[in-house]
Amino acid sequence: MNQSDERLHVLQIARSEVLAGRMSRRAFLRLGLALGLSAGATALAACGGTAPASAPTAAPAPAGSGPSGRLRVASEIPVQLDPAFASSDAEILILNHVYDYLVDIDAGNNVIPRLAREWTISDDGLRYRLTLASGVTFHDGSPLTAADVVWTFNRLRDASLQLPTADLYANIADIAADGENAVVFTLSAPNPFFLYDLSDNHALILRAGTANPATTFNGTGPFKVVEYRTENRIDLAANPAYFQTGKPAVADLEIIFFADQAAAVDALRGGQVDLVLRMPTPLFQTLQQTAGIVAVQTPTNGFDLVRLRADREPGNKPEVIRALKLATDRQAIFRQVKAGLGAVGRDSPIGPLFSTYYSEETPLPARDPAAARALLASAGYPDGLKLDLHVPDSGDRPDLAVVLKEQWAEAGIDINVIVEPESVYYGDNGWLEVDLGITGWGSRPVPQFYLDVMLVSGAVWNESHFSDAEFDALAATARTTLDEAERAHAYREIQRILIERGPIIIPYFFAQLSAHREGLRGYVAKAFPGRTDLAAIAV
Amino acid sequence: MTTSVLSVENLSVEYYTGRQRLPVLREISLSVAAGETLGIVGESGSGKSTLGLAILRALPANGRISVGRVLLDGIDLAQTQGATLRTLWKRALRLVPQNPLAALNPTLRIGEQLIEAMSGKHPVAEAQAAALLARVQIADPVRVMRSYPHELSGGMQQRVMIAMALHGAPRLLVLDEPTTSLDVTTEAAVIDLLADLIAERQPASLFISHNLGLVARIATRTAVLYAGELVEIAPTATLFQQPRHPYTQGLLRSLPHPGLRYDYHPLQSIEGAIPVPGALPDGCVFAPRCPLANDRCRHERPPLLAIAPDHATRCHYWSHLTFDLALPAPVTATALPDRAPLLTTHRLTKTIAQRRSLVDAARGKAAPAVQALAAVDLTVHRNRTLGVVGESGSGKTTLARCIIGLTPPSGGTIELLGIPLAPHIQQRPREQVRRLQMVLQNPQEALNPALPIGEALIRPMIRLGGLDGKTAAKQVSDLLRLVNLPPDYANRRPHQLSGGEKQRVAIARALAATPDLLVLDEAVSALDVSVQAAVLNILADIKERTGITYLFITHDLAVVSYLADDVVVMYRGEIVEEGPVASVLNPPLHPYTEALLAATNPHGVRLREAEAMAPATGCPFQPRCPRALDDICRTEKPPWREAGNGHRLRCHIPLEELRAMQMSG
Amino acid sequence: MNVQRLGRAFFADPATAAGTIIVTVFLVLALFGPLIAPHSPTAQNADLIRQPPSLSHPFGTDRLGRDLFSRIVYGARDILALAGGGTVLAVIIGAFIGISVTYLGGWLEETVFRLFDGLLALPALLLALILLGATGPSRANVLLVMILVYTPIVARVVRSVVLALKSRGFIEAARMRNERLGYILWRELLPLVAPTLAVEAALRFSYAIFLVASLGFLGVGVQPPSPDWGLMVLEARNEFALAPWSLYVPAAAIALLVIGVNLMAEGVRRAISDS
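Residue numbers (my numbering), protein chains in the order written: chain A, 1 to 539; chain B, 1 to 665; chain C, 1 to 275.
Don't read these hints as lab results, they were simulated from the structure.
These numbers come from a predicted model, not from an experiment.
Among the clues, some could well be false.
[Stated by the list, open to error] On the chain B side, residues computed to face chain C include the following (Cβ under 8 Å):
{"#": "1", "residue": "L417"}
{"#": "2", "residue": "P423"}
{"#": "3", "residue": "I425"}
{"#": "4", "residue": "L440"}
{"#": "5", "residue": "R463"}
{"#": "6", "residue": "R627"}
[Said to hold, decoys possible] Stretch-level coverage of chain C by chain B, calculated; a stretch enters the list once three of its residues show a Cβ under 8 Å from a Cβ in chain B:
{"#": "7", "segment": "165-173"}
{"#": "8", "segment": "185-195"}
[Claimed, not checked] So the derived label-pair ranges between C-beta atoms look like this:
{"#": "9", "chain 1": "C", "residue 1": "S160", "chain 2": "B", "residue 2": "Q354", "range": "39 to 45 Å"}
{"#": "10", "chain 1": "B", "residue 1": "T17", "chain 2": "C", "residue 2": "F11", "range": "34 to 40 Å"}
{"#": "11", "chain 1": "C", "residue 1": "E110", "chain 2": "B", "residue 2": "H346", "range": "32 to 38 Å"}
{"#": "12", "chain 1": "C", "residue 1": "E110", "chain 2": "A", "residue 2": "Q80", "range": "35 to 41 Å"}
{"#": "13", "chain 1": "C", "residue 1": "L108", "chain 2": "A", "residue 2": "Y228", "range": "39 to 45 Å"}
{"#": "14", "chain 1": "B", "residue 1": "R634", "chain 2": "C", "residue 2": "R180", "range": "49 to 55 Å"}
{"#": "15", "chain 1": "C", "residue 1": "P52", "chain 2": "B", "residue 2": "T17", "range": "53 to 59 Å"}
{"#": "16", "chain 1": "B", "residue 1": "D360", "chain 2": "C", "residue 2": "S160", "range": "39 to 45 Å"}
C-beta atoms are modelled at their ideal positions from N, C-alpha and C, and glycine is treated no differently.
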């Protein structure tokens, strides 16, 4: 691939994400979610990962006795339930249990089998042959065949339907059934991350010819829909014919909708639900001290990004960037804003979760407000800097802004905090325009995604307007090389560049905070809670 | 005298305000027989209304009978409580208040209220109510019973109140200024009706009024109250002819009796003001204002002395008092001076459009209009007083406001010294504004309560007299002296002044601009007679000294005959008679003027109440005219008839016939 | 003497006196905040997060390790300045419009007050939210919004008084001497409207405090890290189980101040209607 092809490729992927955000009904509000939370979607896996991975790591519920009991899970309110348009946590969580993906991604970001039990890839990387599990039936009793898979993916990539996935699968030249139980995908160009693409959030297998995917609910998944009450709850019952033995562990699954996370936590404490998948830090801390509740935190690679536009004053002065970094005490922020949950950041999106790539080789200079002040003076700001800091009103971002204001004040940087609703912050692409802003980024299974959409020159969501030739070259290497060592080296260099001159500060990585009542077995928290496997949980 | 129905013995009443106890009535004793009417007179603040309420046991919450008995048929009302009192209120005790509209429930039809008051069963009670309304001379009882209170005229409302008060067999009737809000003509009819009904139903009646003339007409005996004390009580005729208390005498001397003229007989006002409860003098309550008071009066409180079986007075020196009113001097009509008039109006017209309902507007009906002034030609001569009289609705006030420029006329012209005046006062040059000033009817709202008197007097001198502030301030004391007020009043605020003093300040303020013409719109109507006399004297005095011209608007013919040189009689926006006051009033020729004068006469002609709308054709007075001719009055506007000496009137009846009627009638 | 009597009537009532004491305490906090507060209202201490009340931090600390007592003290300054400033400006502008437009009358009065009626058709908080949504949250905009919300109310109250005064004799007397408009409006009418204005201002002030706190709580008022009491309640909402004092303290401050101002407003009303 030459340089311009690579750019085009990243752009295509990014655009599909934009579409995914834009085409959902709660466009603006959803954008943040789509940004952060569509974990399995469209990631550009760099590492090999092309071989079938090991079995799921989650401890399966004891088999034999058959499904029993009732599991009640709190969720936000889903807007619609057509897999092709699904984007929020709540929607994915429901659909993930009514339908199946071809392949899944485990808590360690590895590709694992689901409907596809095994697969082979041609040497030229263009032909993927996946073998389906045998004896799988839809809820209406009809058997799953390769034709259903072909139909599903043809629908997702049909340009005329304008689905958010059309761009993602544009590289597929042909999809064909190879007998009843195998499907062959032929690509136009090699894509080493294609298996991650196959596990995109939208890629749930439907029966061929399904007319109304949003209301039919005819999947192969572990649960059948009993009753769906909009804005209230969805009741599901165990699918006795589910192809994975031992799943589901419970006979009934109720997903109860809450508009407010605090209300969901109250319901957990009151015993009205068994499991809450997301919550703010203080509520989590409260639950940690509550008897009868198990609070579960999982590290993720999601983070809050403090970024300064580097293409104009004052961010185009390297001294200013360095001054901001010197004025920031990441440890203090981590304690104050995140209460020590998650991990301290090092100004690069390649977090400690990516253990093979994460590096502490380049030292992060210690906080030194005086030096920062001196740097500002040398950059032409002897009286310090005055900046507006735009912050969406979600999560802990307002607190992060307030702590930064206090820390930076010592270095002569006067911050005016402007807290905005997400609809305002993301609306009209304002977040790409402002000089100083805080944006939340969700967890991805591979780090390359962040570089390609957020930091390489001209990337669609390059909110800091960062443009650095050395960085771009390193990102391209990491994206294309088949040499794992070379990729790791490139990522180390990238971390160095970002610490030295990246116009971004990443003070911490989130932990995914969930909690359940005591007595629940088999729950494995995931970085993206929508892909939690509820079928593995026993009560 | 027969045994009395009502007997008030040694009654004292106190009001509580804050932590103070104010004695408002002290040791009142009186009795009223069945069918008898006792008049209660006195200035405002004398406690006459409180007496009525105390007797009815209807005092406000902060009032209390402290001592005394109120015996009605031998039952002490002062000791009666609860159900007994309620039964008495329902059966025996009745009140006709001053303001009928406030006493009637605005949301209920008259019929419902009457029936409720009579607490009867429907079909029977309805017939009784209708009969009762007929008895109070309501021509169409059925229609009135279906009406809401606001749909009735003031006179009709008061008749309804009287009907309510007189159903069944009332034992005690308190009439508290029952006709004060009515026109003289209506008042006369209502008084006649009351006298009739009292004779018929035989309640013991108290007639409370500040109007001595009215009391003289209806009351058999009269009690005079002053500062919460009964100072004199006597049969009415005796009281009026041989008053034995200086206060009673003062009141009578303050009245502008027929035949008195400002230039020959200055009225005798009572100097000073009535003391407030809580600040009563030690001796005789009247001593501070009494011209005869000596040390004894100031220290020793006189008892109520019975000087005759039916005459008692609270004066140490009653036997020294003499009383005779100055004899009327023969008055000759003065001819109009043959000079250029000060102010003229030519065909001055004012049409007031009334609001129409949305329904009427949607139907395309034109908004109904009322002719407040219908082509009025008026001439005001320099250094004379022109009286303008007429009932309410005659257009007198509109005329004044058009002249001053507060209300723009709809048509016609006003000329001041031959120069036409702009319709709005804002459009008139300062000099014209200065020459025309007005004193308004209500002294209570004439002065801004937030501003000291001095400032109120300074402003016209600055704005109209062209003086600077300092020069104007120096003249304030002169102005105050002009209206007989001490100079230190300049620093007072309006709430520290009595009503009469406020009106004097209002007059002084109008005079501050040194106007040529001063319009006085009912300027003395709201004042007590003694105060009114003082103000009338001041006006006469100022006219003599400054040569000012007055346009004196009033409904009170006695005041007009006392003060005015010329008079204009208005009816429904038109002038029906005008000329020198002596010719117009003595004897009256126009049937309307005649009726106005007769209203104060116990046996004069009585008018029906005016219709809502004026007749479309003919003489506007014709529907009520007792002397109307058959056809011509209904179809044709009456012609002007010259009666000589500048006296003229509009009537179809020839002058000779009118004169003959006066001779015979 | 008049003022004395007014003062005596005012303090005669124990409830009024209590209200006055409460408001005075908060005023002192606001005026001498820097002398009273032991810490900066925004100073954070990562080692003293969510400390319960103690001698060094009488009201405890919040999730960022800020001293709540100092935040309350400085917050008093904010809320009193905003609510007080908004009230004073609304009363001044409302009185100006109410007196002059009502006196002038005609189509001007009709237009202005129809417009005001339209504004008043919306509840104050909703109107404030709409306006702040359009202008964006900031201290100046909160002040502006309070003026916009309360001016029509004040103007309408003033109008009812002026309408009754307009036809009084002394106003006609002023017209009869070609009096200057300014003199009629400000020398004749204003002193008579003043008692009503005083009552209205006191009443508006208590509403204004509540409005500022509500806007803070809804996150559209004063922006963090300002120690706005309403904002403090909002931020402490999720902390309740961890640090209940961080919710109780600002909530109690709001309640106490509103009660104090209400008691005082009632006292003003009674004192004026009594004398």
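Now the hints, each set against the structure:
1. Given the 8 Å rule on beta carbons, the hint for L417 (chain B) is violated: about 19 Å separates it from the nearest Cβ of chain C.
2. Residue-level restraint check for P423 (chain B) is violated (minimum Cβ-Cβ distance to chain C is 14 Å; threshold 8 Å).
3. Residue-level restraint check for I425 (chain B) holds (minimum Cβ-Cβ distance to chain C is 6 Å; threshold 8 Å).
4. The beta carbon of L440 (chain B) comes within 4 Å of a beta carbon in chain C, closer than 8 Å, and the hint placing it at the interface holds.
5. A cut of 8 Å between beta carbons decides the hint on R463 (chain B): the least distance to chain C is about 4 Å, and the hint holds.
6. For R627 (chain B), the interface hint is violated, the least distance from its beta-carbon to any beta-carbon of chain C being 40 Å, above 8 Å.
7. Residues of the segment 165-173 of chain C with a Cβ under 8 Å from some Cβ of chain B number 5, which satisfies the need for three, so the listed coverage holds.
8. With 4 residues bearing a CB less than 8 Å from a CB of chain B, the segment 185-195 of chain C meets the requirement of three and the coverage assertion stands.
9. Roughly 24 Å separates the CB atoms of S160 (chain C) and Q354 (chain B), a value that falls outside the hinted 39 to 45 Å.
10. Between T17 (chain B) and F11 (chain C) the CB atoms are about 20 Å apart, so this pair departs from the stated range of 34 to 40 Å.
11. At roughly 35 Å, the beta-carbon separation of E110 (chain C) and H346 (chain B) lies within the given 32 to 38 Å, and the hint holds.
12. For the pair E110 (chain C) and Q80 (chain A), the beta carbons lie near 50 Å from each other, so the given range of 35 to 41 Å is not met.
13. At roughly 59 Å, the beta-carbon separation of L108 (chain C) and Y228 (chain A) lies outside the given 39 to 45 Å, and the hint is violated.
14. At about 53 Å, the CB distance of R634 (chain B) to R180 (chain C) agrees with the hint of 49 to 55 Å.
15. As the Cβ distance of P52 (chain C) to T17 (chain B) is approximately 56 Å, the hint placing it in 53 to 59 Å holds.
16. Look at D360 (chain B) against S160 (chain C): about 29 Å separates their beta carbons, and that is not inside 39 to 45 Å.
Figure legend: structure checked against the earlier numbered hints; hints not met, in rising order: 1, 2, 6, 9, 10, 12, 13, 16.
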